[in-house]
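J.: All chains should be modelled from the sequences, with the hints used to inform the complete structure.
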Amino acid sequence: MSDAFPNAAHSGRMPVLGATARHAILQANLGPSSVISQLPLSRCAVPPDTPTLQIFEIFDSEPGFAGVVIVANHRFLGMVSRDRLFEQLSRPSNGEHIMKKPILQVLESISVRERDDLVLAGDCPVNDAARAALERPNDQIYEPIVVQVAPGRFRLLDIQTLLLAQSRLLELANTEIQRQKEAAEQASRAKSEFLTNMSHEIRTPLTAILGFADDLLDERYTPSEKAAGILALKRNSEHLSKLVDDILDLSKIEAGRLEVEHAPTSPTQIVKDVISSLEGRATARGIKLFSGFPTSLPATIQTDPMRLKQILINLVGNAIKFTEQGQVELRVSATDRNTVDSFLKFEVIDTGIGLTSEQLSRMFVPFTQADGSTARRFGGTGLGLSISRRLARILGGEISATSTFDKGSTFVIKLPFSNPPQLAWITDPKSEADKVLAPDPSVNIRLAGNILLVEDGPDNQVLISRLLEKSGACVEIAENGVEALAYIARHDRPKIHAILMDMQMPVMDGFEATRRLREMGITKPIIALTANAMGHDQEQCLKVGCNHFTTKPLKRLELLSILAQYLPVPNFMDKSDSQSAPTQQTPVLKPSTKQNSTAEADRKSRQTVRLALAAFDVDAGLKRAGGDQALFRDVAQLVCEHAPKWLAELTEAIASGNATLARRLAHSLKSSAENVGGAAAAIAARSIEVLATDGDLESASASLNNCHNTFHLMLNQLESYLANHPIADS
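Per this note's numbering, the sequence shown runs over residues 1 to 730.
Treat the hints with caution; some may be incorrect.
DEER-style ranges, computed between Cβ atoms [as the list claims (entries may be wrong)]:
1. K495 to T427: 52 to 60 Å
2. Q178 to G396: 34 to 42 Å
3. T222 to K524: 52 to 60 Å
4. I202 to T427: 44 to 52 Å
5. P644 to Q178: 58 to 66 Å
6. E279 to E719: 55 to 63 Å
7. S431 to D406: 32 to 40 Å
8. I202 to K495: 47 to 55 Å
9. K181 to I202: 41 to 49 Å
10. T175 to S61: 36 to 44 Å
11. S357 to Y142: 52 to 60 Å
12. R189 to P420: 45 to 53 Å
Calculated pairs, EDC-like style, for lysine to aspartate or glutamate (alpha carbon to alpha carbon, straight line, at most 16 Å) [unchecked claim]:
13. K100 to E57
14. K288 to E329
15. K272 to E432
16. K623 to E719
17. K272 to D428
18. K321 to D406
19. K543 to E512
20. K321 to E259
21. K234 to E261
22. K100 to D49
23. K234 to D249
24. K309 to D406
25. K407 to E512
26. K470 to D634
27. K430 to E329
28. K309 to E347
29. K234 to D619
30. K414 to E347
31. K101 to E135
32. K495 to E476
33. K272 to E329
To be clear, the hints were calculated from the coordinates, so they are not data collected in a lab. For each residue, glycine too, the CB sits at the ideal point set by N, CA and C.
T.: If you want it as structure tokens, here you go:
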């Protein structure tokens, strides 16, 4: 149906909305992205031969019409506004003369400019239209705007409606600005509160660590008093370590760089591990901690066991912390086993202090706790629950909570899992959880073949080569990429079956060395050793030509399992080799006869050292050495030999502005400390490594004093350990 109408009584006319109606529509529908076609428009188009008298009658009968659009064959010819027409009619002797003419002739007699009037597309934003209208000549500013809503279809938008819309947009913008301002102020308050809590969280254990460290230097303390002090140091150091882990996890999640794996995972074993790790804490508070299994459970599900355990440990740990008396239960159940799309439900139920509904609504917001007194009374930064919820969502699940103030709380994790018909189910999970699981058979992995270890750290060279040789491999060492290339190029060397390549080395790093080897046509398997566990770092290793990668600190079983995939022998030794093949229950790296003869003395010795030393953990170092005490001593001696020189070179590199060298030296110091269980020294070196990587040598210089102090304490105690605890002869 045409927009044009031949006379004032044409049924196609649509009256313009009044000011009140226009305001109501603008209030309801206008938004920041609104366009002018969404505004109230006047549909009043006439053919060019319409008598002006009829236009006058239209204006007289419809006071809301701002003007008429002249259209012929869907082509815009011009526009006559009410005000412009009435102005012409008010002139002496003009009225009767104009009334008899067709409207197009009147348009031409009024002003040719009217035929070139402003025409805007219907999708023009409101603000742009208002700006264009106000830029017209002064005598046309208040004229209606022609809007082309479709090809050949035109409407009129009066300037008052347009300015009203723009005013409304300004109101909305001001409201949004105010909202963002309040949100920013709230975020600033949350940040200030978080920093206050964080400062408290850091300073509290640091105060204890520094205080007990000073006290332990006093020779008047008895061994039992020193042992108590060392245990306090350990507790507070673990607290700081957990704090750092939480912050790193949250930053990885925020950046979208947290990776999860999907591996067969036993729900009953996860529950058992969580209860085992936290029952000591519960007992110390007089709380009963137990597990419940009201339904059958799948034997395994595909999920990330480490992250699932992290979530449960955080929730159960919180329940213990906020329960002063009573009990905490970790209950796990599953939906009907006949359902294809199933889920596990982990419930953490406590009889603790509970939460109000307002407190509960803020529980999963980062850096937020129930109220300010919570941090003062119980400690914590408010990161744990936020991280747990995000981890649960990454695993495909969700966390919810219910609580009654002063009665207790229940946190529920729902985790979906695939339930194919062949999935095995456990009808009595409680009995299964009570069983002692057999050792992982991967501890029996044996290797053979020749491995080229490309590693610049002397202590890492000894540690890794000894571990590989104990497992049956032959190891050759190159200190950097250049030596590795030269070694491979020489034909008089034994055949190499695999290359273990550190990616951060001086002279030539592992990335460049791997590229060069592949360019030389070397197809030997290359396994990357990298301290960076982020996904993009691992992708870079594979991109340059590595076949696989493993992260530092090294996980012995992971390293051996990866190498076994590429070496030309089976994973396990032939059981017919009765003299050397281990049984399925016995690890390969068992102590020698000499070590067996002093096992009890060594155990007591390590226990004494654990209580007497605060700067390194003998058991952690021995674990890194695969339980080989002689290897641990060799690594410790190398650390004592090289670390002082690296510390001096690190200080000089920072002073001279050499960030690359400073990063490499800090990385080597960190690895050395980790190899002997020197957690504090490793953290101090890692801090400088990160700062040097970012080019912030000023902050790195400020951290040097702490790094020197922690390393000197560790080295002094390592030397004391080596002198006072030799391996006894058989």
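J.: Does each hint fit the structure? Answer for all of them.
T.: Hints and how they fare:
1. K495 to T427: 52 to 60 Å: Cβ of K495 to Cβ of T427: about 54 Å, so the range 52 to 60 Å holds.
2. Q178 to G396: 34 to 42 Å: Cβ of Q178 to Cβ of G396: about 38 Å, so the range 34 to 42 Å holds.
3. T222 to K524: 52 to 60 Å: holds, 59 Å
4. I202 to T427: 44 to 52 Å: holds, 49 Å
5. P644 to Q178: 58 to 66 Å: Distance hint for P644, Q178 holds at roughly 60 Å.
6. E279 to E719: 55 to 63 Å: violated, 38 Å
7. S431 to D406: 32 to 40 Å: Holds - the Cβ-Cβ distance for S431 and D406, about 36 Å, lies within 32 to 40 Å.
8. I202 to K495: 47 to 55 Å: holds, 53 Å
9. K181 to I202: 41 to 49 Å: violated, 31 Å
10. T175 to S61: 36 to 44 Å: holds, 40 Å
11. S357 to Y142: 52 to 60 Å: This hint holds: roughly 56 Å between Cβ atoms.
12. R189 to P420: 45 to 53 Å: holds, 50 Å
13. K100 to E57: holds, 13 Å
14. K288 to E329: Satisfied, since the Cα-Cα distance of roughly 8 Å is no more than 16 Å.
15. K272 to E432: holds, 10 Å
16. K623 to E719: Given pair K623, E719 is violated - Cα atoms ~19 Å apart, limit 16 Å.
17. K272 to D428: holds, 14 Å
18. K321 to D406: Since the Cα atoms of K321 and D406 sit roughly 14 Å apart, the hinted pair holds (cutoff 16 Å).
19. K543 to E512: At roughly 12 Å apart (the allowed maximum being 16 Å), E512 and K543 satisfy the hint.
20. K321 to E259: violated, 29 Å
21. K234 to E261: Violated - the C-alpha atoms of E261 and K234 are around 31 Å apart, more than 16 Å.
22. K100 to D49: The hint holds at about 11 Å.
23. K234 to D249: violated, 22 Å
24. K309 to D406: violated, 28 Å
25. K407 to E512: Answer violated: K407 to E512 is near 62 Å, above 16 Å.
26. K470 to D634: Roughly 15 Å between the alpha carbons, so the hint for K470 and D634 holds.
27. K430 to E329: holds, 13 Å
28. K309 to E347: Holds, at roughly 13 Å.
29. K234 to D619: holds, 14 Å
30. K414 to E347: With Cα atoms ~9 Å apart, K414 and E347 stay inside 16 Å; holds.
31. K101 to E135: It is violated: about 32 Å lies between the C-alpha atoms, which goes past 16 Å.
32. K495 to E476: Answer holds: K495 to E476 is near 11 Å, not above 16 Å.
33. K272 to E329: holds, 12 Å
Violated hints, listed in ascending order, are 6, 9, 16, 20, 21, 23, 24, 25 and 31; each of the other numbered hints is respected by the structure.
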